[in-house]
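Using the hints, position chain B against chain A.
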Amino acid sequence: MIVHVRLFARSKDIVGADVVRVELADGACVRDLLEHLAVRYPDLRPLLKHCRLAAENEFLDDAAPLKDGTEVALLPPVSGG
Amino acid sequence: MLLISVICKGRFCTAHPDVGRPKLQSAKERLQAINPDIQIDTYETRLTSENAMAICEPYDIIIDGTDNFPTRYLVNDVCVLQKKPNVYGSIFRFDGQASVFFPPHGPCYRCLYPEPPPPGEVPSCAEGGVLGILPGLIGCIQATEAIKLILNKGSSLIGRLLLYDALEMTFQEFRVRRNPKCPICGDQPTITQLIDYEQFCGIRGEEADAPAESDGLEITVEELKRRLDRGDDLLIVDVRNPEEYDICRLANSKLIPLPQLPDRMHELDSAREMVIHCRSGMRSLKATRFPPAGGFSESQKPQRRHPRVGPAGSIRVCRPINTSLIGNRRDGQKNRLDVPPQRLNVMPKSSRVS
Numbered sequence: 001m002i003v004h005v006r007l008f009a010r011s012k013d014i015v016g017a018d019v020v021r022v023e024l025a026d027g028a029c030v031r032d033l034l035e036h037l038a039v040r041y042p043d044l045r046p047l048l049k050h051c052r053l054a055a056e057n058e059f060l061d062d063a064a065p066l067k068d069g070t071e072v073a074l075l076p077p078v079s080g081g
Numbered sequence: 001m002l003l004i005s006v007i008c009k010g011r012f013c014t015a016h017p018d019v020g021r022p023k024l025q026s027a028k029e030r031l032q033a034i035n036p037d038i039q040i041d042t043y044e045t046r047l048t049s050e051n052a053m054a055i056c057e058p059y060d061i062i063i064d065g066t067d068n069f070p071t072r073y074l075v076n077d078v079c080v081l082q083k084k085p086n087v088y089g090s091i092f093r094f095d096g097q098a099s100v101f102f103p104p105h106g107p108c109y110r111c112l113y114p115e116p117p118p119p120g121e122v123p124s125c126a127e128g129g130v131l132g133i134l135p136g137l138i139g140c141i142q143a144t145e146a147i148k149l150i151l152n153k154g155s156s157l158i159g160r161l162l163l164y165d166a167l168e169m170t171f172q173e174f175r176v177r178r179n180p181k182c183p184i185c186g187d188q189p190t191i192t193q194l195i196d197y198e199q200f201c202g203i204r205g206e207e208a209d210a211p212a213e214s215d216g217l218e219i220t221v222e223e224l225k226r227r228l229d230r231g232d233d234l235l236i237v238d239v240r241n242p243e244e245y246d247i248c249r250l251a252n253s254k255l256i257p258l259p260q261l262p263d264r265m266h267e268l269d270s271a272r273e274m275v276i277h278c279r280s281g282m283r284s285l286k287a288t289r290f291p292p293a294g295g296f297s298e299s300q301k302p303q304r305r306h307p308r309v310g311p312a313g314s315i316r317v318c319r320p321i322n323t324s325l326i327g328n329r330r331d332g333q334k335n336r337l338d339v340p341p342q343r344l345n346v347m348p349k350s351s352r353v354s
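Protein sequences appear in the order of chains A and B. Quick note: the first sequence uses the working numbering, first residue 1, plus one each step. Quick note: the second sequence uses the working numbering, first residue 1, plus one each step.
Just so you know, the hints here were simulated from the structure itself, not pulled from any lab data. Quick reminder that beta carbons are idealized off the backbone N, C-alpha and C, glycines included. Careful, some of the hints might be misleading.
[To be verified] Partner residues aside, some chain B positions facing chain A, computed with beta carbon under 10 Å:
(1) Asn68
(2) Thr71
(3) Val122
(4) Ile138
(5) Ala146
(6) Val176
(7) Pro180
[Claimed, not checked] Now the stretches of chain A that chain B is said to cover, found in silico as 3 or more residues with beta-carbon under 8 Å:
(8) 37–51
(9) 57–68
In isolation and in its complexed conformation, chain A is listed as follows (with noise of 0.2 Å):
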């Protein structure tokens, strides 16, 4: 299944892009969409389990399964003020 993975803030940073496309096996959950973040960007990991993932206005936790074509929205921290 494919889900695109929208970045905010240093993440987008760190990936380059707003947006990123992903193939995942059916039935991926989003621990599985974190690890393949993490394996494809490298310099995400230390980020991304402090970072948090929603889809469809709901925060996702881990155990969370993915839809084909769902949008995900990955939300780093952010202290700037």
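This is chain B only, laid out in the frame that chain A set:
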């Protein structure tokens, strides 16, 4: 009377003529000029675990406009412990977030982000830069939310995280739920009083890692100027980004943006004494941690925990340089290295190169 505490750096309220004056004071005067009927109490102090409960105690709503993780977690925990709404806003480059954290009516900040990222992983505004109007825009959203809380009208941002992307000009919203396992607002809280937030965020360790003045790894702007005037042969390496370099730079400096440094170490002549600088000191500090090409020779091995490039002691981190003050300005104005030293670190963020 309803009291609101705004905890912030006064970024939006300061202006060029205020340079050199305490930001808090100039912010107060500007706000008071707009509305003389409001009472503004100022606390010119760093918010800490020791004073935060007492400072926030008289106020009904807390608006968090701080700029670092330790203070964000501190403000959150104070609000949870004092059962007050935390009107949250945060920014990074072109992105902003806003929400209202107010357990038990909704989640707290820890429900959203249980733990802070490792130090250095998320650059501060000083390092990463920020769109100048973003604090104002997110601040207006926070003010709106505070007024709604006072009026008890409308749909509050409680339980909703609003995301603003200035480049795409989009607002997105995500529902945030209370985490029953949250260490401070969950069903069985483990945090019942304020903790050491710098330790929690790993800042203390990071600072301990930073070279101290006595390491000889850091020189002041004034010392650099003296040495350049004396004719010392120094290789000045600027590890900022090209767009910052375009705005202003030190004469004869070599630009190697920090992300490119590991691949471009061979361009550095390790026989020459080097001065590495950035805008505020963090990137130049990181730059000193890269080992030279081919690794360290026995004699070059760092004696302390900081790798040195080239012969021992030949690297200098020039941390306090604020290049917006000392560069060759495009507008043809006089090079401002002669600005009195006490003025070097007091420019408001908005006027600095970010």
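To see whether the hints hold, each was checked on the structure:
1. For the restraint placing Asn68(B) at the interface with chain A, the shortest Cβ-Cβ distance is roughly 5 Å, inside the 10 Å limit, so the hint holds.
2. Because the beta carbon of Thr71(B) sits about 8 Å from the nearest beta carbon in chain A, less than 10 Å, this interface hint is met.
3. Residue-level restraint check for Val122(B) holds (minimum Cβ-Cβ distance to chain A is 5 Å; threshold 10 Å).
4. At its closest, the beta carbon of Ile138(B) sits 8 Å from a beta carbon of chain A; the interface hint therefore holds under the 10 Å criterion.
5. The criterion of a C-beta within 10 Å of any C-beta in chain A is not met by Ala146(B), whose closest approach is roughly 15 Å, and the hint is violated.
6. With its C-beta approaching chain A no nearer than about 6 Å, Val176(B) sits inside the 10 Å limit, and its interface hint holds.
7. Interface hint status for Pro180(B): violated, as the beta-carbon distance to the closest one in chain A is roughly 12 Å, over 10 Å.
8. Counting residues of the region 37–51 of chain A whose C-beta lies closer than 8 Å to any C-beta of chain B gives 3; at least three are required, and the coverage claim holds.
9. Counting residues of the region 57–68 of chain A whose C-beta sits closer than 8 Å to any C-beta of chain B gives 3, which meets the bar of three, so the coverage hint holds.
In the structure shown, a violation is registered for the earlier hints numbered 5, 7, in ascending order.
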